[in-house]
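Asks: Under the numbering used here, the first residue of the sequence shown is numbered 227, with each subsequent residue one higher.
Derived DEER-like restraints, expressed as beta-carbon distance ranges:
1. Lys419 / Ala664: 32 to 40 Å
2. Ala1277 / Ala1064: 52 to 60 Å
3. His1050 / Ser1010: 16 to 24 Å
4. His1104 / Ala821: 31 to 39 Å
Subject to a maximum C-alpha distance of 35 Å in a straight line, what follows is the list of computed DSBU-like cross-link-like pairs (lysine-lysine):
5. Lys854 / Lys807
6. Lys822 / Lys738
7. Lys515 / Lys330
8. Lys521 / Lys574
9. Lys861 / Lys799
10. Lys1105 / Lys994
Hints are computed from structural coordinates only; laboratory data are not their basis. Ideal Cβ positions, reconstructed from N, Cα and C, are used throughout, including at glycine.
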Amino acid sequence: MMIAEPELSSKVSLQKENESHSEPDNDLENQRRGSAGSLSSWKRRRRSLSEKSRRRASVCSHQDRRNGRCQRDDDIEAVTLFEVVRMGKSAMQSVVNDWIEEYKQDRDTALLDLIIFFIQCSGCKGMVTAEVFQNMHSPDIKRKMTEEFDEETGLQYKKFMVYPWILNVTWPLDLDSGDYPLTMSGPYWKKFKSNFCEFLSVLIQHCQYTIIHDEYLMDTVISLLTGLSDSQVRAFRHTSTLAAMKLMTALINVTLSLRVQLQNSQRQCEVEMFDKRPNRRLETFLQKKKEIIEKKENIENLMNAIFKGIFLHRYRDALPEIRAICIEEIGIWMKSCSDRFLTDSYLKYVGWTLHDKQSDVRLKCLIGLLGLYSDKELCSKMDLFTCRFKDRIISMTLDKESEVAVQAIKVLTLMLENCEEFLTSHDCEQLYQLVYSAQRPVALAAGEFLHRKLFCSLESEVQDEVPERKEKPTCNLNHLLTLVNFYQKSEGNAQSAYLVDSLWDCSAFILKDWESMTALLLEDEDSGKEALTSLQKKALVEIMLSTIRQAAEGHPPGGRCLGKKIQMTKERKSQIDDRAKLTEHFFAILPQLLAKYSADGEKVITVNLLQIPQYFDLEGYCTAQLEKHLDTLLKQLKEIVEEQTDSEVLEFCSKTYLVLSNEEWATQDQVDSAKHQLFDQLVTRFNRVLRDFLHKGGQFGDTESYQMWCALKRITTFHNAHDITRWNLLNNTCKLLKRALENGNVPEQIIVQAILCSYYYIMWQLSKVSEGDSSKVQDSVKVSLRKQMRGFCHICRQFLNNPSSTVKEQAFIILCDLLLVFSHEEPPIGSEMVEPFAYIPEESLQTELVTFVLDHVFIARDSGHPDNDEECKVGRLHKRRNLLAAFCKLIVFSVVEMDIAADIFKQYIKYYIDYGDIIKETLSRTRQIDKIQCAKTLIQSLKQLFNELLQGQGTSLDRWSQQFTSIKDLARRFSLTFGLDQLKTREAMAMLHKNGIEFAFKDDNPKGKGQPPLNMAFLDILSEFSPKLLKTDKRTVFNYLERFVTDQMAAENGEEWLPLILYRRSLLDCRDDDTVSTNSSDQSALSPVQAQFKSSSLKRRLQIEESNGHVGLNEEQHAKISPRSLMPQLTPVGPGEDEKQRVHGTKEHSLETVRMQSLSSEYGTTTMENTDKLEEGVTTKLAEGDLDDVNEILDIDND
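I would like the entire structure built from these sequences, with the hints used as guidance.
Replies: Following this line, the structure appears as structure tokens:
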């Protein structure tokens, strides 16, 4: 019997957000036809449906008016459940109440509405047919439960049983394209999932006392969802699984409500049973209790049907979204109904899914476990699960998805809090190291775990509740000791900044307790308390410095930043307060710390303490307090400078002076005065020692040497950041350096410091000159500076031959830097300077510099250093790389001639591992400056290597030797550096081939005239650059080659002539001629016209090549050759010429043009001469401009 045959219009509901949403009502309604009823009954049903639709529309309109919105004329009028849920404009309670009223009047029609709602929510645009079956045990029922594709109609159909009907759903084949309501985007679908879930929840909630127990509604819905969840169509499975899981959650809530009712009824019965008199109320309560039990059993049966019929099949579905839905909901079930679902038989599904390949599914598992482990009572029911899957959860802390790792750490943190006995010390240690992770969310979660493990004793838990109390926490000292011990036990790659950042959110009350930290550091060993060890003090100072930096800067350390973060007002205020707090505390206590640890010789602690002032905020500091503490701090800094000679300590002292002399702070004048006093003392001491040295005739004793070195060391370190030019140190340092050059008795440490001090003086002078005006006074200063600079460069040049490697390497670096800076300096406009201010190195100096590089950089790794210490080897390699980089900067900025770079480029292959990146970058920069000159330099480097090989092997050169092969490999590397755009490098390539050809035929063979030229084998190397030539340029280069090839040479075919044969063949080879890319764009497929002429074009091309294979081999090869006669294919000629010339002639030869385009497309690229775009304008320009330039480079016309 047919109950209904609703047809879902393909025009309904699944429009995109930019499409129109207005459709006629008769298209939006599901049209029903009664098969057994009369016309009047069908009209009554239609009238009932219309009334229901008007009610829904009025609900939507009322909701719109209440929200202050007016429905647009082009909006869809909500007349079906699907449209109401999709638009989400009405209250779900009103919609559900309307449907319940309709169900009570005509349950078949209302239920069919609900069935169609689920089908529409799956994105089905087809038709639904329902028929009643009479016999459930009929053998035809199972045969009808199919899902097939009808090839005749092109439709997919599914036939399945939905009690008490058999549904037949038909839809277009593209339903499984993944585009259905749950996955679609746009404003109409953005909230569809939440509206869909809300509708189901409200439906069950409103039906829980009435029709949900009629053994008709839920049986039908569950049958429908079970059938759809078993479909091969993704949309049906996804939508029905989501609906079933949400129904299950709603049914569990109904069960919990019934459980409360049952408990209340039980208590009422127990109260009435105490009354021994006949009581009708007891019978009523007993009957009510029985009904509640029956309802509860009915709901449990429905839940079993959903779990066994849908969940058990879909929690391992192929679609990860479906698996995630199942696992997410079962976690909710376990938490809300733990007595039924929180058992090992259900927990195993969560445990198994922890191994899912999709991160979203694993994430849902962990989120579900978070809710379970947060309750200590629930944890007691999960002992077996915890033992079985604890290791898997620990391994997930290293998951490739950071969010999964974060949730895994949070689960373990809850396990530590509620069931600590399951986590061993080894398990905790695996999580400890995650506080040093580069991923900040993972590190913060690990920091929370570490905080719980280390600090959450009973006392610290109280402090967590009141972290801002005024009194000093009594147990923070113990917490700090615990943190220091943990930091010490961490692996060698531990960084205090990462540890502090990980604990900052949860342990800030400990990390900001700088009073306790400094109290521990200032504790006397004689106080009777257990004092910190030296290692503990170093660790504590490192942690303290990291906390100061974190509080002052307010952002994570480098490597953990997640991008730019907008600082909130509260965070900014907290940062300002913390900075003011640390400034107030450390400005008073820092001198005591420096005095204690600098006197003890604790270099690491002193260096860390000296970094604290750069985080001070002295802008709003009280002047009275400032002067008192600042004077103490400056005195302590002066003592450190006078006592210490370590470079790092002196450098941070210099930085501290620089920070405290900030122009915006009131401390500037006081700090500047202290600096000048310090510099006066240092310079006076240096001058006195230098005067004694010169008076004694340049003889240094050990005491005098140490005093001189200490004075120069301190001055040089401060001169780097502070202007000390007013003391005019350059004259004295130059005297010292000249004396060192004369007698050689000056220690190398003193020479190095004197060179650096002189260099800083010249750079400070240049800085002041550059910022000054063009007055005569400035001109005189510039003249003086130019003389001083040139004199100092001459001194550095002499030190290049010093026996000490340290001295000559330092002199080389300084000399390169000065040449780089002063080579581009020019006097300003209006200056009256006559002599040039810039310093361009002469040729002899350039030769000395490149010789120094070859002797001290391109050497064996362990040359002169037999030790096997890897750290020393890396340090020496770093020094050599600095030397090479300093010289390469001179090449890149055109300070030295580019030709001199040939000595560097030829080392590219041999020292590729150590210096390949530097040489490659230098080559790239030089090519950007001048392509032609770069090509000359490259060919020069190859010629140098070839000459060296020739000198080693003599005239009998072995082309198969390793040395020759390495030169070819180098040429191939050079060729690859020119890139793919051959038009931009054609002139450079022409110049390269020209120089190579001339070099190959330069010298005659000493064995006689019948032998090949001495450098003939160089053509084999030159052939590596032939693929970089365009076809026209290959012809041009070939004709240039023929100028050097005699008839006798052309006739030779012996092995010694093989380089010439191979090189000529590389120029005549046409396989790549038409594949030259003139731009970076891809070519399209062959057009029909091109495909038509493709086969014929290949035959004609072969004929053309045969007719032109003898080009350049004629008897008049030494005669004057016209540039245009070398490229006839680009020049318009008369009709009497051969076919190849006519192909590239005028536009009238359209068929030939198509043929050449076909040939070009066949090879997949655009050629210079084979495209119609180049027929007129581009071809003319190429022939008259660029090609003339190439011929001019090759000098063919000047025979």
